[in-house]
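Colleague: Taking the hints into account, I'd like the entire structure generated from these sequences.
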Amino acid sequence: MTLPSQNRRVQPAAGILATDLGDEMVLLDPDTGMMFGLNGTGRLMWTHLERCTVGELATRLAESFDVEPTRAAADVDALLGELLARGLARELTE
85 MTLPSQNRRV
95 QPAAGILATD
105 LGDEMVLLDP
115 DTGMMFGLNG
125 TGRLMWTHLE
135 RCTVGELATR
145 LAESFDVEPT
155 RAAADVDALL
165 GELLARGLAR
175 ELTE
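For the sequence shown, the positions run 85 to 178 when our numbering is used.
Nothing false has been slipped in among the hints.
What follows is a set of in silico ranges between Cβ atoms, one per label pair, in the way DEER data are often shown:
no., residue 1, residue 2, range
1, Glu-175, Met-118, 11 to 21 Å
2, Thr-143, Gly-117, 27 to 37 Å
3, Asn-123, Pro-153, 12 to 22 Å
4, Gly-99, Thr-177, 13 to 23 Å
Source of the hints: derived by calculation from the structure; they are not laboratory data.
Just so it is clear, CB atoms sit at the ideal spot from N, CA and C, and this is done for glycine as well.
Modeller: Dropping the structure here:
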């Protein structure tokens, strides 16, 4: 799933548990028992998910990991698409 608007907001789905392991993070959906691991870039995105737009997440990612903005935007879109598809996150409606 691609998020075309950089102004969109996504937040963790209700009830998702997150365990921060320093360099990575593990998400758990207690309703399904599904676990999902995030690497360092995913961890950064998850920890800023509630207060940043999709575009702001891409900017943070580009600055934190010294990657091209287009690459950061693609990475954000890919991870958010995965989180949305698995029910770990939800899009906010305006």
